[in-house]
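These protein sequence lines are chains C and Y, in that order.
Sequential numbering of the first sequence, starting at 0, is according to numbering that gives the first Met the number 0.
Sequential numbering of the second sequence, starting at 0, is according to numbering that gives the first Met the number 0.
You may find that some hints are simply not true.
What the hints assert, rightly or not - Think about it this way: if two alpha-carbon atoms lie no more than 25 Å apart in a straight line, the pair counts; the simulated DSS-like pairs of lysine-lysine are:
| no. | chain 1 | residue 1 | chain 2 | residue 2 |
| --- | --- | --- | --- | --- |
| 1 | C | Lys43 | C | Lys105 |
| 2 | Y | Lys49 | C | Lys16 |
| 3 | Y | Lys51 | C | Lys16 |
| 4 | Y | Lys27 | Y | Lys83 |
| 5 | C | Lys158 | C | Lys190 |
| 6 | C | Lys210 | C | Lys16 |
Read the hints as simulated data drawn from the structure, not as lab findings.
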Amino acid sequence: MERAAVTLDPTYLEYPKRRHGYDHDLYEWSAIHARKPVFWRNNKSVAVWVCVSLEWFPITPSDTPFRAPGHMQTAYPDYRHYTARDYGNRVGVYRLLNAFANAGVKASFATNSVIAERYPTLVADIVSAGHEIIAHSTDMNGTIATGLPVDAERALIAKSLDMLERATGTRPTGWLSIARSQSWVTPDLLKRAGVRYCCDWVNDELPYRFKNGLINLPLNHELSDRQIITVQQQSADSYAQQMRDAFDWLASEATGRILPLHVTPYIMALPYRIGALEDLLIELAARSQAWMATGGEIIDTWEAQQ
Amino acid sequence: MHEGAPDPGLYDFSPYRDRKRIVWPGGKSCAVWVAPNLEYYEVDPPPHPKRKAWARPHPDVVGYSHRDHSNRVSHWRMADVMSKHGFPGSVSLSVALCQHHPEVVADAKVRGWEFFSHGIYNTRYTYDMSEEQERAIIEDSIATVREATGQTIRGWLAPALTHTAHTLDLIAEYGLEYTCDLYHDDQVQPVKTATGKLVSIPYSLEVNDHYGFFIYNMSPREYAETLVRQYERLADEGGTVMCIPLHAYLIGQPHRIGPFEEALRYIAADGRAWLTKAGDIVDAWNAQQ
Numbered sequence: 000m001e002r003a004a005v006t007l008d009p010t011y012l013e014y015p016k017r018r019h020g021y022d023h024d025l026y027e028w029s030a031i032h033a034r035k036p037v038f039w040r041n042n043k044s045v046a047v048w049v050c051v052s053l054e055w056f057p058i059t060p061s062d063t064p065f066r067a068p069g070h071m072q073t074a075y076p077d078y079r080h081y082t083a084r085d086y087g088n089r090v091g092v093y094r095l096l097n098a099f100a101n102a103g104v105k106a107s108f109a110t111n112s113v114i115a116e117r118y119p120t121l122v123a124d125i126v127s128a129g130h131e132i133i134a135h136s137t138d139m140n141g142t143i144a145t146g147l148p149v150d151a152e153r154a155l156i157a158k159s160l161d162m163l164e165r166a167t168g169t170r171p172t173g174w175l176s177i178a179r180s181q182s183w184v185t186p187d188l189l190k191r192a193g194v195r196y197c198c199d200w201v202n203d204e205l206p207y208r209f210k211n212g213l214i215n216l217p218l219n220h221e222l223s224d225r226q227i228i229t230v231q232q233q234s235a236d237s238y239a240q241q242m243r244d245a246f247d248w249l250a251s252e253a254t255g256r257i258l259p260l261h262v263t264p265y266i267m268a269l270p271y272r273i274g275a276l277e278d279l280l281i282e283l284a285a286r287s288q289a290w291m292a293t294g295g296e297i298i299d300t301w302e303a304q305q
Numbered sequence: 000m001h002e003g004a005p006d007p008g009l010y011d012f013s014p015y016r017d018r019k020r021i022v023w024p025g026g027k028s029c030a031v032w033v034a035p036n037l038e039y040y041e042v043d044p045p046p047h048p049k050r051k052a053w054a055r056p057h058p059d060v061v062g063y064s065h066r067d068h069s070n071r072v073s074h075w076r077m078a079d080v081m082s083k084h085g086f087p088g089s090v091s092l093s094v095a096l097c098q099h100h101p102e103v104v105a106d107a108k109v110r111g112w113e114f115f116s117h118g119i120y121n122t123r124y125t126y127d128m129s130e131e132q133e134r135a136i137i138e139d140s141i142a143t144v145r146e147a148t149g150q151t152i153r154g155w156l157a158p159a160l161t162h163t164a165h166t167l168d169l170i171a172e173y174g175l176e177y178t179c180d181l182y183h184d185d186q187v188q189p190v191k192t193a194t195g196k197l198v199s200i201p202y203s204l205e206v207n208d209h210y211g212f213f214i215y216n217m218s219p220r221e222y223a224e225t226l227v228r229q230y231e232r233l234a235d236e237g238g239t240v241m242c243i244p245l246h247a248y249l250i251g252q253p254h255r256i257g258p259f260e261e262a263l264r265y266i267a268a269d270g271r272a273w274l275t276k277a278g279d280i281v282d283a284w285n286a287q288q
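Bound-form chain C, shown alone (with noise of 0.2 Å):
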């Protein structure tokens, strides 16, 4: 039998990378069960880490280089999907901090910092009861990704830093990229930029230092209300089953582990979801082996255990 045409480049059979550990030099590899265990404060064994973020959306897409995830949809002007997703930032979030509250939870609060300008009632509540501010690029416009230019991508980073500074008088120390989503060279810029730790890289459960120094705190996607809520299109019920036996399983695996809760205002706390978000927090931080902290608190933790 004759084959066809061969249109395959011969190089696609050659691996250049094809070596013990990555093909990247960005980390190292490391299996978690074979590390020094990690003891959380008052040991307990897992660390609930609340994180909300708080997203602006432009009715005005720029789709440079992507456009994240929950933006508009429609032909401009896209009131549905605007409104919707400021509802999060004038309803929803306040409905997260009264939960926050009630369960006595601290948690970080991943940021645009146009929210620091356009809202800052918003951001002064949220610093007075006590949670961490998270640096979450500048508005839902400020995607990063391969294609942006690199002096770009570094005026973003410093420009969300400063705003968040200007507002509330600290410069934050964590970053979460939107969608995570990272170009080559985000984590030098971002060290260089002062930035303590990231959350966008979801293969572990503890933190890890790349090699530059910069910190990855892994924030499970596959966790957040998004993908099981709005991509999965499951009930808020069936989120706080998964969060309960997620918590469940970390906590019988004896050292310490991670529980990231990440949460959206405009998805989760909506009327007739925020109840099982509600009790799950109630629920959790009652755990003996439950410790409530921000993303902050659980890199301090770790970093004094290396």
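Knowing the structure of chain C, use the given hints to seat chain Y on it.
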């Protein structure tokens, strides 16, 4: 196969009704095998004209690091649960994992698992390969697995399920005995090849954890219930094969592993399941032909 023909000519029609009864060792009615995909995805693979490796510009941080979770965290979580309930693995292996993370391959070997090839990387696709190129990846697979584990591979699951019209002929020519790429049956079936003897063993797309979680959007508990129902029906019918194809970065997530363990506990306790490996299923089927 008949290249370009509407019917690829992979097998003859064989109705499920009135087939010769297959009985598994020990009188068991359903052969259950678990197929963990131990994979390596490259962060910056070369482009292929027919398929993009990543949805986003490289580095696709979530795509890559999600899969890297297998090799840092969830492989051991998944493997421990399997070992605890007596399920050996038949590994669908990106053979370059033997170079990148031999620690993962060694763990599977120590557990007594079987290895078959899933290509070099799951980011290198077979479409458009010349016969020489395809021979090269088969020979690479045989040599790499032999050197890393001492085993001679007996089966093939095409990398990222990408094929040419000649893949099945070639793997049979090299002495491989089973393919996991055909989904037309719940029993082992003969496959037509130019030379050599090849059978299809039921792998499964439908109860693959990837399909469960990302095609059917199941919750972890729904997926576990799906495995139990799949097993119950196949065990009732008898002479059947049930595969549970897994990816540690999916099934080994903390919210999924607990319900999955309950499904394994149920199947192991039922009494009708032969918990075994792909090669043993093929041997037992061949012995009854």
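**Report entry** Hints breached by this structure
**Finding:** none
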